[in-house]
Amino acid sequence: MVKSTNSSIQFHEKYRFWLLVITAALFMEIPFISVPFKWFETYFHEISHGIAAVVSGGEIVSIKLYFNGAGLCTTRGGSQFLTAFMGYTGASLWGLILYKLSGYQKYSATIVTIVLTLLMAISLLLWSRDPLTIFIIMSLIGILLLKLKFSHSFYLPWITQFISVVVLLNSVKSPLYLLDGRALGDGATLAQITFIPEIIWVVIWFIIGMISLYFLARQNKSSTFGGSHV
Amino acid sequence: MQVASNTAYTPQVNPALNVDTQTRVNRQGEQLLVREQEQQAQQRQQNEQNAERFDVDEQAIALVEQEQQRLSAQSRTNDNNSFSTNAQYDQPSQQNQTAVAAYQSVNDQQQRDSISQAFGVDLYA
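So the sequences go chain by chain: A and B.
Using the working numbering, read the first sequence as starting at 363 and increasing by one per residue.
Using the working numbering, read the second sequence as starting at 3 and increasing by one per residue.
Read the hints as simulated data drawn from the structure, not as lab findings.
Check before you lean on any hint, since a few could be wrong.
Short derived list, chain A residues pointing at chain B, Cβ under 8 Å [what the hints assert, rightly or not]: (1) Glu391; (2) Pro393; (3) Ile395; (4) Ser396; (5) Pro398; (6) His411; (7) Gly433; (8) Ser441; (9) Gln442; (10) Phe443; (11) Ser501; (12) Gly504; (13) Lys535; (14) Gly547.
Each residue gets a CB set at the ideal place from its N, CA and C atoms; glycine is no exception.
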């Protein structure tokens, strides 16, 4: 009995990352329920634009989120190239960092959740101008607070990592929507700035997302077969 | 002693009885005739009915054939219609759709640029 429980835990640990990836991929196909999790990716995408603008000497004017998962970040000043490039790249990096930081310990998962809640609260106060964006960011904060409320739960790291994988998978998938022949979005902006075709930027973002997934998969494998967890 | 063999062997019947018998025979014959006539009439009726039934069947077969012809003609028409639907003559080609999308995106991009210039901000979707 004890042996079978141990082998079950070993199975979960061994295939933890892939279980999360498969669950998240299936979850993203469920209408309505998956929408708030799509907002996470949109928020990370837009806040990455904003942070890149701030880092390169500009400022964030406003962040706008739409119900269908679209978003818009208005900035003033800063590097146009860096700001445009960091949208999809930032979403992938957020997914990667969140997954790694949430780790297997409840403590680090709680810290990550608190930091995210604070970032969203700042975004709500400083850059949200319209009721819909306020509602969406408040919903995201609500999800994070629910996580904190159940911080002693065994499932907290799983939930945090699940959200991270959803963000990561969305960041891999989202650039592909730019291939609609409309020359709109970050790819078109970068194409205007650099004269490098939009499709190249889409491929780069897709590769960055895939590398992030591969990195986490490798880490999961090494941590299962004798390595250490984050 | 003369023995009339005929008499001896012929049944002695009372003339009255003989008449009766004759009458009975006649009646029986009439009855038989009537029965035959009735049977013939019934048979005629049956034959007529059968003939009517056959007529009905023929009509039904004719109707079925007509219906089949109509359906086959309709299906042929539908096939033509589906062909025309598949052909989608009134729908712009993929190339034209892309051209329209590109034209619209230019309009959107111009709007975006004009907003950026007017307010001195950059928009990132």
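Here's how the hints hold up against the structure:
The beta carbon of A/Glu391 is not positioned within 8 Å of any beta carbon in chain B (closest approach about 24 Å), and the interface hint is therefore violated. Among the interface hints, the one on A/Pro393 is violated; its C-beta lies about 23 Å from the nearest C-beta in chain B, farther than the 8 Å criterion. Here the hint on A/Ile395 is broken, as its CB sits about 25 Å from the closest CB of chain B, past 8 Å. Below 8 Å, beta-carbon pairs count as interface contacts, and A/Ser396 has none with chain B, the closest being about 21 Å; its hint is therefore violated.
Checking A/Pro398 against chain B by beta carbon gives a least distance of about 20 Å; that is not within 8 Å, so the hint is violated. Interface hint status for A/His411: upheld, as the beta-carbon distance to the closest one in chain B is roughly 4 Å, under 8 Å. For A/Gly433, the suggested interface contact is upheld, since its CB lies about 7 Å from the closest CB of chain B, less than 8 Å. Look at A/Ser441: its Cβ only gets to about 10 Å from chain B, farther than 8 Å, so that hint breaks.
Taking 8 Å as the C-beta cut-off, the interface hint given for A/Gln442 holds, the closest approach to chain B being about 6 Å. Against a cut-off of 8 Å between C-beta atoms, the interface hint on A/Phe443 is violated, since the closest Cβ of chain B lies about 11 Å away. Because the beta carbon of A/Ser501 sits about 21 Å from the nearest beta carbon in chain B, more than 8 Å, this interface hint is broken. For A/Gly504, the shortest C-beta to C-beta distance to chain B is roughly 25 Å, which exceeds 8 Å, and the interface hint is violated.
Because the smallest distance between the Cβ of A/Lys535 and any Cβ of chain B comes to about 16 Å, over 8 Å, the interface hint for this residue is violated. Residue-level restraint check for A/Gly547 holds (minimum Cβ-Cβ distance to chain B is 5 Å; threshold 8 Å).
Of the numbered hints given earlier, the model fails hints 1, 2, 3, 4, 5, 8, 10, 11, 12, 13; all others are met.
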